[in-house]
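Trainee: Hey, can you work out the whole structure from these sequences and the hints?
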Amino acid sequence: VITQDFVHGADYAALSEAASTFRDLLGDGARVERGEGERRKEEKVSDFRQAMRWLIAQAEHATARQRYKGLGEMNPEQLWETTMDPAVRRLLRVQIDDAIEADRVFTMLMGDEVEPRRLFIEGNALRAANIDV
Numbered sequence: 018v019i020t021q022d023f024v025h026g027a028d029y030a031a032l033s034e035a036a037s038t039f040r041d042l043l044g045d046g047a048r049v050e051r052g053e054g055e056r057r058k059e060e061k062v063s064d065f066r067q068a069m070r071w072l073i074a075q076a077e078h079a080t081a082r083q084r085y086k087g088l089g090e091m092n093p094e095q096l097w098e099t100t101m102d103p104a105v106r107r108l109l110r111v112q113i114d115d116a117i118e119a120d121r122v123f124t125m126l127m128g129d130e131v132e133p134r135r136l137f138i139e140g141n142a143l144r145a146a147n148i149d150v
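Heads up: the sequence shown begins at 18 in the working numbering, then just goes up one per residue.
Possibly wrong hints are sitting among the right ones.
Calculated pairs, EDC-like style, for lysine to aspartate or glutamate (alpha carbon to alpha carbon, straight line, at most 20 Å) [said to hold, decoys possible]: (1) K58 to E77; (2) K86 to E98; (3) K61 to D45; (4) K61 to E50; (5) K86 to D129; (6) K61 to D41.
Just so you know, the hints here were simulated from the structure itself, not pulled from any lab data.
All values derive from a computational prediction rather than experimental measurement.
Mentor: The structure is reproduced here in structure tokens:
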């Protein structure tokens, strides 16, 4: 849903400016390429949108996606590469300012009672961003 607030906001202005910039970014005879040597590929494109579509399609073709509900579903090599290897993992300190509120929210979301969780999800669904479904 696009609201009046969005259309008059800073995000819309930034998107509009970017669209104007990208619209005329590529001229006649433009091409986009990826890879090197034997793996190099290129495509003739007429505009930025076509270039991005081609690059995204190439990236999707060249990668595999796997989804896990938890770390226990990974094999040991995947677990090491993505989570356990000290060279690539990031550890962040978590500071809980209100332990009682944190416990209440955790119990609501992870507890056995479905109704409070459902109400929370319904009440906050439109605020959610970056959901991986």
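Trainee: Looking at the structure, which of the earlier hints fail to hold?
Mentor: Structure breaks no hint.
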